[in-house]
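Enquirer: Going by full-length UniProt numbering, the first residue of the sequence shown is number 1, and it counts up by one from there.
Pair by pair, the computed Cβ-Cβ distance ranges are:
hint : residue 1 : residue 2 : range
1    : Asp95     : Phe45     : 46 to 54 Å
2    : Gln69     : Ala47     : 22 to 30 Å
3    : Lys88     : Ala47     : 49 to 57 Å
Hints in this document: simulated from the structure, not taken from any laboratory.
Idealized CB from N, CA, C, for every residue including glycine.
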Amino acid sequence: MSSGSAIRGSRVGSSPMRPDERTEPAPRRQVNYFCAAGHDSLIWFAAEAAAPETWDCPRCGQPAGLDRQAPPGRLRTEPYKSHLAYVKERRSEEDAAAILAEALAKVRQRRGRD
1 MSSGSAIRGS
11 RVGSSPMRPD
21 ERTEPAPRRQ
31 VNYFCAAGHD
41 SLIWFAAEAA
51 APETWDCPRC
61 GQPAGLDRQA
71 PPGRLRTEPY
81 KSHLAYVKER
91 RSEEDAAAIL
101 AEALAKVRQR
111 RGRD
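With the hints as constraints, model all of the structure from the sequences given.
Expert: What follows is the structure in structure tokens.
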């Protein structure tokens with residue numbers, strides 16, 4: 001039975017392991033980024049592309065900048081909030097009691113108890 005591949009071991013989109021002699025890679029340049037944790041990251045960009053002022057550090061995820069002496073500060077992470085915490089921010093205790101009373105009234109009405 002045939003596996004559907006014309007040449008055994010090939011697949012759609014496969015390419016030779018070595019670069020083609022007739023092509024040249026696009027010109028690139030390395031840019032150094034420095035984060036507050038002291039990490040140094042080398043990021044490759046196209047030669048004609050402008051490098052952004054900040055880049056997320058691949059090691060710690062904090063922002064990294066182009067200046068080694070003055071890297072951007074650490075991001076302040078918010079603690080995890082549950083759905084209930086967000087609801088409590090939007091609703092007061094009185095609103096919650098009114099909504100609960102309304103919902104209970106609807107349930108009692110559906111069950112035939114009024």
